[in-house]
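K.L.:
Residue strings, one per chain:
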Amino acid sequence: MTEDDIRTQIAPHQHKLGGTIHALHQLMRAYGYIHPEHLPIVADVFNISVAEVRGIVSFYEDFKTHPPARTTIRICQAEACQAVGSRVLTEELETIFGTKLGIPRSDIELEAVYCLGLCASGPAVQVNDRLIAKASAEKLQVPG
Amino acid sequence: MTTVYVPLDSVAVAMDANAVAEQLTKAGAVVIRNGSHGLAWLEPLVEVENGSERIAYGPVSPTTVADLIANGFLHRPLIEHPLCRGPIGSHDFLQTQTRLVFDRIGRDSPLRIPDLADVLQALTMPPDDLIEIIETSGLRGRGGAGFPAHIKWRTVRQTDAPRKYLVCNADEGDSGTFADRLLLEGDPFRLIEGMVIAGYATGAHHGVVYLRSEYPIAETIFKQALEIAYEHHLIGPNVLGSDFDFDLELFVGAGAYICGEETSLLESLEGRRGQIRVKPPVPAISGLLSMPTLVHNVISFASVPAILRLGGEVYRDLGVAPSSGTMSFQLAGNIKHGGLIEVPFGITLRDLVEGYGQGTLSGRPFKTLQIGGPLGAYLSRGELDTPLTYEAMADIGAGIGHGGLVIFDDTADLAEQARYAFEFCELESCGKCTPCRIGSVRGKETMEDIISGRASDQEFNIIDDLCEVMDRTSLCQMGGMTPIPVRSAMERFPEDFRQGTRA
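Chains as they are written, first to last, in our numbering: chain U, 10 to 153; chain F, 14 to 516.
These are computed hints drawn from the structure, not numbers from a lab.
Cβ coordinates follow ideal geometry from the N, Cα and C atoms, glycine included.
Any given hint could turn out to be false.
Said to hold, decoys possible - Output of the computed footprint for chain F on chain U, the stretches with three or more beta carbons under 8 Å from beta carbons of chain F: (1) 12–18; (2) 102–108; (3) 119–133.
As the list claims (entries may be wrong) - To give an idea of the chain U side of the interface with chain F (calculated C-beta under 8 Å), a few residues: (4) THR29; (5) GLU70; (6) ALA89; (7) ALA92; (8) VAL97; (9) SER145; (10) GLU147; (11) LEU149.
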């Protein structure tokens with residue numbers, strides 16, 4: 010991850026509408042998270058302050074500042090899933106994996122998500138990129 | 014070779030539709046990935062072309078599809094099979110709907126370019142005439158606010174500026190809603206058609222669709238649809254041979270509920286934190302890059318082709334004016350038959366919940382439903398006969414929002430739901446104004462005291478005060494409407510809040 014690599018990732022987005030968001034999405038795809046070294050480079054390309062870049066990164070859930078876990082399990086915490094047992098499911102998964110929602114880990118990370126749009130078929134869960142409707146602990150014990 | 018339809022929508026895929034499709038391909042079928050008809054409980058809903066009929070089976074799993082193949086469902090209809098639903102168009106759930114926005118969904122691949130007669134017709138008409146048809150139709154914004162569409166259209170058209178924009182709000186973050194997702198995944202051209210017509214009518218030559226990142230399948234489909242639309246000159250220079258130019262692009266958000274608020278969305282589109290802007294000026298006068306901008310929800314734009322086809326009067330007369338036309342309701346949560354129901358305004362909550370929905374999924378008694386997303390009211394059993402119009406809902410202190418209904422059975426604890434309403438506001442507040450930023454935290458803490466039984470009347474007074482301040486002084490509806498779920502829950506289910514309370 011040299012500075013040139015990072016600039017190459019960002020360059021195509023420099024003149025786009027909302028280019029900073031495009032660029033940060035691209036860095037997430039390329040590196041898995043936003044590294045502190047990325048911030049001054051993004052600031053330079055878009056001619057804004059490092060503080061502003063940091064502000065954008067911290068505002069949006071998608072922009073992580075730690076390396077992703079091998080398996081990320083996103084569990085919907087919103088009302089439609091609450092109505093079909095997402096609270097119990099979350100507790101069960103916390104017990105099974107010995108962790109809590111939102112604790113960064115390298116192996117398995119449980120993450121809150123607020124709506125995946127599967128509201129008639131909850132509880133909704135996403136294991137890495139895979140969507141799972143009517144999720145249960147049994148369906149999820151072997152991480153995908 | 015038999016043609017088989019297997020939906021590619023998120024619900025079907027989350028119920029293993031890809032594995033089902035793979036097995037059908039191996040069995041020699043020609044598999045077309047279509048959009049979802051919106052009968053979520055039957056997904057994956059597989060349709061087999063037998064002669065001139067399409068016979069539906071659902072829900073089909075990778076296990077049951079093997080059984081269906083073994084029983085020869087690719088060669089003859091298995092009418093007696095427990096998963097057989099017959100021709101899906103005759104299903105009660107669909108047959109009784111009035112599908113204008115979702116008329117094509119599920120019938121074919123979402124990437125097959127449709128008949129573009131509506132757009133061609135619109136491009137021959139004077140823009141002011143189009144706006145007049147929208148006015149006659151009574152179309153109101155489907156995103157949640159229900160603001161009359163024609164006022165925005167006319168404002169954008171009449172505001173003098175070097176450039177004008179269309180922005181489609183596809184940041185569908187309300188729990189219990191998925192209409193935008195269904196359309197983007199299942200019939201993206203319907204939205205593109207509506208945006209082209211709106212662009213022509215308002216004088217905007219550039220449009221952006223702001224899509225939430227939680228919808229990866231919608232993103233993939235819509236990107237491909239844009240390419241196909243350019244190839245067929247539905248967008249780009251000289252739209253369909255006319256002298257109207259219109260560019261359309263996709264922008265993917267980054268996980269912020271508040272970006273569904275139109276000014277926050279515009280900030281985000283300009284590459285900044287999604288903090289709301291103080292209105293006025295309204296976006297129709299000064300929106301994206303300070304230019305006149307027509308901001309509409311997906312379903313608002315997608316309603317336009319049908320309105321032109323039917324005429325403003327016919328569309329208006331479908332509903333209960335001034336709640337005109339059809340609304341795409343979404344049944345979600347603890348519901349037996351969840352899905353998308355596009356019907357004219359005026360249907361009752363009971364018709365949706367007990368008619369279409371067939372009651373709770375758990376089979377336990379219905380307790381409450383929340384209508385209009387996380388900032389919507391919790392209603393009681395006694396209110397189920399209320400008709401779904403903007404006016405009748407306002408009379409009981411509720412709103413239709415984006416049309417989502419989340420059903421809860423008798424195990425729901427409304428004090429916990431009220432606590433969650435504050436918590437959600439805390440999580441998603443943009444932080445710009447104090448009532449929302451601080452009020453949400455204080456509200457959550459106070460509600461936790463009430464739930465734990467540590468509270469006295471003082472805590473209830475604090476909640477009242479906080480709701481009052483948030484309602485009256487928040488800069489946008491995030492803080493301004495958080496009191497709605499809280500107060501509606503406390504008013505209708507006081508017993509849930511008084512358990513273990515020391516008087």
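K.L.:
Next, verify each hint and record whether it holds.
P.N.:
Okay, the hints, checked on the actual structure:
no., hint, in the structure
1, 12–18, "violated (count 0)"
2, 102–108, "violated (count 0)"
3, 119–133, "holds (count 11)"
4, THR29, "4 Å, holds"
5, GLU70, "3 Å, holds"
6, ALA89, "4 Å, holds"
7, ALA92, "3 Å, holds"
8, VAL97, "10 Å, violated"
9, SER145, "13 Å, violated"
10, GLU147, "15 Å, violated"
11, LEU149, "13 Å, violated"
In this structure, the earlier hints numbered 1, 2, 8, 9, 10, 11 are contradicted, and the remaining ones agree with it.
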